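Chains A and B supply the protein sequences, listed in that same order.
Residues 1 to 304 (our numbering) are what the first sequence spells out, left to right.
Residues 1 to 258 (our numbering) are what the second sequence spells out, left to right.
Rather than coming from a laboratory, the hints here were simulated on the basis of the structure.
There could be a bad hint or two in this list.
The calculated lysine-lysine pairs, modelled on PhoX-like cross-linking and capped at a C-alpha distance of 25 Å, are [as the list claims (entries may be wrong)]: (1) A:Lys278 with A:Lys92; (2) B:Lys88 with A:Lys86; (3) A:Lys193 with A:Lys132; (4) A:Lys291 with A:Lys278; (5) A:Lys150 with A:Lys132; (6) A:Lys86 with B:Lys196; (7) A:Lys86 with A:Lys153; (8) B:Lys88 with A:Lys269; (9) A:Lys193 with A:Lys157.
Note that the structure is a prediction, hence the values are computed from the model and not measured.
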Amino acid sequence: MNSLRTVLARVVLDNPTMLASGMMGETGASLTKVAAAGAGAVVTKSVGIEPRTGYINPTLFETDGYYVNAMGLPNPGMDAYAEEMKLARASKVPIFASVFAASIKDFISVSSKMEEYGANAIELNLSCPHAKGYGMEMGIDPDIVHDIVKEVKGSVKIPVFAKLTPNTHRLVEVGLAVEKAGGDGIVAINTVKAIAISVEFRRPVLSNIYGGLSGPAVKPIGLRSVYDLYGKVSIPIIGVGGIDDWRDAMEYIMAGARAVQVGSAIGRKGLGVFEDVKTGMRDYMEANGVKSISDLVGVANERK
Amino acid sequence: MNGNEVVRITEVVREGKGVTTLRFELDRTVRPGQFFMVWVPGVDEVPMSASYNGKVKGITVKDIGEATGALCSLNVGDLIGVRGPYGKGFAQPHGVYLVVGGGTGIAAVMPAIEMAKDRSIVDVAFGARSGSEIIFEERARRSSDNVMISTDDGSHGYHGTVVAMVDEMLAKRSYSQIIACGPERMLYYLLQVCKKHGVECQMSLERFMKCGSGLCGSCVIDGRRVCADGPIFLGREIDEMDEFGRSKRDETGRIIKL
Numbered sequence: 001m002n003s004l005r006t007v008l009a010r011v012v013l014d015n016p017t018m019l020a021s022g023m024m025g026e027t028g029a030s031l032t033k034v035a036a037a038g039a040g041a042v043v044t045k046s047v048g049i050e051p052r053t054g055y056i057n058p059t060l061f062e063t064d065g066y067y068v069n070a071m072g073l074p075n076p077g078m079d080a081y082a083e084e085m086k087l088a089r090a091s092k093v094p095i096f097a098s099v100f101a102a103s104i105k106d107f108i109s110v111s112s113k114m115e116e117y118g119a120n121a122i123e124l125n126l127s128c129p130h131a132k133g134y135g136m137e138m139g140i141d142p143d144i145v146h147d148i149v150k151e152v153k154g155s156v157k158i159p160v161f162a163k164l165t166p167n168t169h170r171l172v173e174v175g176l177a178v179e180k181a182g183g184d185g186i187v188a189i190n191t192v193k194a195i196a197i198s199v200e201f202r203r204p205v206l207s208n209i210y211g212g213l214s215g216p217a218v219k220p221i222g223l224r225s226v227y228d229l230y231g232k233v234s235i236p237i238i239g240v241g242g243i244d245d246w247r248d249a250m251e252y253i254m255a256g257a258r259a260v261q262v263g264s265a266i267g268r269k270g271l272g273v274f275e276d277v278k279t280g281m282r283d284y285m286e287a288n289g290v291k292s293i294s295d296l297v298g299v300a301n302e303r304k
Numbered sequence: 001m002n003g004n005e006v007v008r009i010t011e012v013v014r015e016g017k018g019v020t021t022l023r024f025e026l027d028r029t030v031r032p033g034q035f036f037m038v039w040v041p042g043v044d045e046v047p048m049s050a051s052y053n054g055k056v057k058g059i060t061v062k063d064i065g066e067a068t069g070a071l072c073s074l075n076v077g078d079l080i081g082v083r084g085p086y087g088k089g090f091a092q093p094h095g096v097y098l099v100v101g102g103g104t105g106i107a108a109v110m111p112a113i114e115m116a117k118d119r120s121i122v123d124v125a126f127g128a129r130s131g132s133e134i135i136f137e138e139r140a141r142r143s144s145d146n147v148m149i150s151t152d153d154g155s156h157g158y159h160g161t162v163v164a165m166v167d168e169m170l171a172k173r174s175y176s177q178i179i180a181c182g183p184e185r186m187l188y189y190l191l192q193v194c195k196k197h198g199v200e201c202q203m204s205l206e207r208f209m210k211c212g213s214g215l216c217g218s219c220v221i222d223g224r225r226v227c228a229d230g231p232i233f234l235g236r237e238i239d240e241m242d243e244f245g246r247s248k249r250d251e252t253g254r255i256i257k258l
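Could you build all of it, start to finish, from the sequences and the hints given here?
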């Protein structure tokens, strides 16, 4: 029996590692490469109604311990993305389509298109921390989140996940709103709103000024978010934020995540990170007599 | 450590028509073929191959747009932001190898000439449209016994394309490998010539790049990230790419036919 098999709503993953949205998800061919590298599922780059160029560079600030990025939701638009989905579907792993929009109507349009293209689930981007009129601007309001999830759920047959922002004290309320609206799962967390300043130039580095903090520095915030949500909602949680190795991933599982997404580590460690996480998890489970990864989900919550 | 740093320009050299080299100190190891993301505040941040990879690093910029224009107008003492180096570099070939540079692609291959242990194991072929666009000829001659130049208009050296000249060079001497950087059209035909002569090559590719750090996927060609999996790819890898020589992607990720 495959000890890493994971079920998210009705979506079956061979293992609990996933590619996080925004990483290499722009083209079908790159999603296929990530799947071949061992990811249990992949998430597309966030796709919207129209093509978007994103922000001018600098869009990334890098240090050894973290990144701050503001790409600006570049994407070819939902019509052009048909071609990418066609290629990505050859990869044989479930595809989560990340969707961003400025209105419920647009959320429905893009989600329906992505379902039509063969996506196995929708991941609503309710959490991008830096794009005006999108993402977190809606995702911090439980009522708006409720309405978006409910309407999208009513329009597609595939499971709908909501990716949430940690940039709010109402995270648990927002999570409960997702559940109440019939959402199939929660992805936590998106990046933490941040800026980077250049001392020499005496100005912000990113062209958009604001960006999202990711990488190892955000892991404790992600863990806290998953831990808090696990105690309150019963729908599956996918943990994301600063996962660099199997131990990080296991921390998320124990905090309450059923699966984990890997983003920044792909730049830091390359695509080998998926196999490394899987191998480390398997070794741990074997050494500790754990038969299924699902037996470890949320165990840290039991010891208070 | 690849993170953002700000460096002071210590030297500015006008290399040729619209081409400028900026030198700066940066205490990081840079392999031939790797690149930096170079930031001009208020303008843009763009990928630039290292044209010098010793203690004093360098980039060589052709003024073709806003960011490159801003870089070319900088003076000694000015500051620029750099991060990197990123990407895989050129691997040192075993035995005698040929380095091919087209236009400003010459800048990116220059350190690959200088990595040769002695002058006899590396030959050089530089090409450009006209003699005024040939850069680093003297510098190449300091590291190689055999530097050949081609120009499309015949104003300097061999009259014709660098690919035609390399075709003739490959017939005369056998090389373990070719190292190349230049416009994709040149690389496309060079790959055919390499295949014809049965020589493996390492080529530096280019695509619209955003993060430079292997994350965002903007620069992918056939699913491979130019910034992290490249920019150097082997000829046999490139030969299997559907997009090489045929299409690229714009800032939104839409496909543009070449």
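Item to check | Lys278 of chain A paired with Lys92 of chain A [C-alpha distance capped at 25 Å] | outcome: holds (18 Å)
Item to check | Agreement of Lys193 of chain A and Lys157 of chain A with the hint, judged by alpha carbon distance not exceeding 25 Å | outcome: violated (33 Å)
Item to check | Pair hint Lys86 of chain A and Lys153 of chain A, alpha-carbon separation not exceeding 25 Å | outcome: Satisfied, since the Cα-Cα distance of roughly 23 Å is no more than 25 Å.
Next on the checklist: Lys193 of chain A and Lys132 of chain A were given as a pair; does the straight-line alpha-carbon distance stay at or below 25 Å?
Outcome noted: holds (13 Å)
Checklist entry - Is the hinted pair Lys88 of chain B and Lys86 of chain A satisfied, with a Cα-Cα distance of at most 25 Å? => result Violated, because 30 Å separates the two Cα atoms, which is more than 25 Å.
Item to check | Restraint check for Lys86 of chain A with Lys196 of chain B, where alpha carbons must lie at most 25 Å apart | outcome: violated (35 Å)
Checklist entry - Taking only the CA atoms, is the gap from Lys88 of chain B to Lys269 of chain A under or equal to 25 Å? => result Within the cut-off at roughly 13 Å; holds.
Checklist entry - Do the alpha carbons of Lys150 of chain A and Lys132 of chain A lie within 25 Å of each other, as the hint requires? => result holds (23 Å)
Next on the checklist: Please verify whether Lys291 of chain A and Lys278 of chain A have alpha carbons no more than 25 Å apart.
Outcome noted: holds (14 Å)
Of the numbered hints given earlier, the model fails hints 2, 6 and 9; all others are met.
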